[in-house]
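**Student:** This is what each chain is made of:
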Amino acid sequence: MTGEQQSDIERDAIDWHARVSVGEVDWDAFAQWLDAAPAHQLAYERIALLDAEVADWAKKNGMPELEEVPAPFPFSASRRWWLGGAVAASVFALVVGIPRLTGPSHDDLVTYATTGEQRTIDIARSGKVRLDERSQLALSTDGQVRMDHGAAYFDLRHDENRPIEIQSGTFTVRDIGTRFTVTRNRGRLFVAVEQGFVDVAWQDSSPIHLAAGQTFQGEERTGSGEVGKVAPDTVGSWRDGQLVYDDTPLTQVAADLSRYTDKPVEVEPAIAHLRLSGILLIRNGPDLVDQITAILPVDARRGNDRILLVGRARR
Amino acid sequence: MVASRRHTIAMARQLSDASSGLAAIFVANHDRLLRFFISRTRDVADAEEIVQEVFLRLDRATGPLGDPVGYLHRIGLNLVVDRARERERRIARDKEWTDSTTTRQGDDYVDEGPSPFSQVEAKQRAERIARALASLPPGAARVFRMHRIEGMSHSEIAGQLGISRKGVEKHMATALRHLAKEIDQ
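Going line by line, the protein sequences match chains A and B. The numbering of the first sequence is numbering that gives the first Met the number 0, which starts it at 0 and goes up by one. The numbering of the second sequence is numbering that gives the first Met the number 0, which starts it at 0 and goes up by one.
Since the hints were made in silico from the structure, they are not lab data. Check the hints yourself; a few may be wrong.
To be verified - Per the computed footprint, the stretches of chain B lying under chain A, defined by three or more beta-carbons under 8 Å from a beta-carbon of chain A, are:
#1 24 to 37
#2 44 to 51
#3 140 to 147
Stated by the list, open to error - Simulated pairs of lysine to any residue, SDA-like, Cα-Cα distance not exceeding 25 Å:
#4 B:169 / A:109
#5 A:59 / B:82
#6 A:58 / A:44
#7 A:59 / B:183
#8 B:180 / A:61
#9 A:58 / A:113
#10 A:58 / B:157
#11 B:122 / A:54
#12 A:59 / A:124
#13 A:58 / B:160
#14 B:169 / B:182
#15 A:59 / B:87
#16 A:58 / B:37
#17 B:165 / B:153
#18 B:169 / B:180
#19 B:122 / A:7
Stated by the list, open to error - Facing chain A, from chain B, some residues (calculated, C-beta under 10 Å):
#20 135
#21 164
#22 169
The beta carbon of each residue, even a glycine, is placed where N, CA and C say it ideally should be.
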């Protein structure tokens, strides 16, 4: 058997396994393919075992963060950002072409992670950051912050010589002397400004300027996002054990709840348009989800790996 | 073998009398399942056991199933993988044993923990997996994570990403090709 035949067989085996995993399968045709040559069954077995091994590893260790989404950034991709960010683009002007900043150098980064309780971390001479439960970020000595996941409340004094820059996936958040929160969850960034000004940039696009009482939420993959409003005195209210919402998208609420439950809270696409107004008390996780189902016409389906909010009428 | 198969069908009939729709579908597709798993395992006895095990798991199905025949096949395919991995682990343990000792007492092996060499091997393997996952194309990484880690169904993934089912399948194939290339070469 030549190498080329082998790779053809492997490709077929992978296509069959992809169909078995997430597609539609003609089971008799699959059996016929398996029977056609001993190498077929062996190739399929190999790919099925590899898949199971990798899935086990990722369940145990988590999927590595896709920090390096923006490998090269050709013009065609920039155009996609324009199209994908059509809504955003109508709200604020975007200019593509500023050279991409390299991420913080990882040599002098110190990582901070919380589980069941919040903590405060001093950023030398610049202020401090309050890290919520189940959150993680890394700080460097020269004012670089890498937001890994969860929520953080920044209280910073602006210093021209020591600007603070927060890298959150494909987004960069720069303070201009202010108090604000940065929340990163499942490929989305949420920023809310209590006081002062904050710049948010996606990849090498020019930044959006946010003032007190403004929010931004954006998708890391496409850079599309929208600017909203918030009552400044409710920014980072989780520090006082409360989650305050005013016509807030349910997806954003779910991102918050995920920090207080042992499983991520997700929203079925069909009800992603729902919005929530009200105050939730952070006590323990299961309680919080029940508070949502008491307010909105949704049910919580508790699975092994997540809690899925679904429309109540539908099922 | 034949006896156990008859037994399975008899039990399934009882269950299906108790108005379990899935059991009825199992009975109707028993021979087809058996043929399929003979193709998959290339061993009649293994296939018999898999099909019987599928039957034993029927009551674990929750909610109505859109594709019950596919569901039955997929349970069985997962069982084949579980068994193969269990076999691999057993072989690895046996190898550990024969590597570290010269005597062997029948089929009884003592797990004395992995040798330094296989620890290094396992670590290297884990690093390859981590690297391969970290370098997945974004779309493929998302689909792999949503399906394999978060247990989302294909339709949930298609809905959330706003792509067709065929698109989900393509991302999955891309992920598998990348993983196979990066991990096993």
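**Student:** Next step is simple, just say for each hint if it's right about the structure.
**Tutor:** Evaluation of the provided hints:
no.: 1; hint: 24 to 37; in the structure: holds (count 3)
no.: 2; hint: 44 to 51; in the structure: violated (count 0)
no.: 3; hint: 140 to 147; in the structure: holds (count 7)
no.: 4; hint: B:169 / A:109; in the structure: 39 Å, violated
no.: 5; hint: A:59 / B:82; in the structure: 20 Å, holds
no.: 6; hint: A:58 / A:44; in the structure: 21 Å, holds
no.: 7; hint: A:59 / B:183; in the structure: 20 Å, holds
no.: 8; hint: B:180 / A:61; in the structure: 21 Å, holds
no.: 9; hint: A:58 / A:113; in the structure: 20 Å, holds
no.: 10; hint: A:58 / B:157; in the structure: 22 Å, holds
no.: 11; hint: B:122 / A:54; in the structure: 16 Å, holds
no.: 12; hint: A:59 / A:124; in the structure: 38 Å, violated
no.: 13; hint: A:58 / B:160; in the structure: 21 Å, holds
no.: 14; hint: B:169 / B:182; in the structure: 20 Å, holds
no.: 15; hint: A:59 / B:87; in the structure: 19 Å, holds
no.: 16; hint: A:58 / B:37; in the structure: 31 Å, violated
no.: 17; hint: B:165 / B:153; in the structure: 10 Å, holds
no.: 18; hint: B:169 / B:180; in the structure: 16 Å, holds
no.: 19; hint: B:122 / A:7; in the structure: 31 Å, violated
no.: 20; hint: 135; in the structure: 8 Å, holds
no.: 21; hint: 164; in the structure: 6 Å, holds
no.: 22; hint: 169; in the structure: 8 Å, holds
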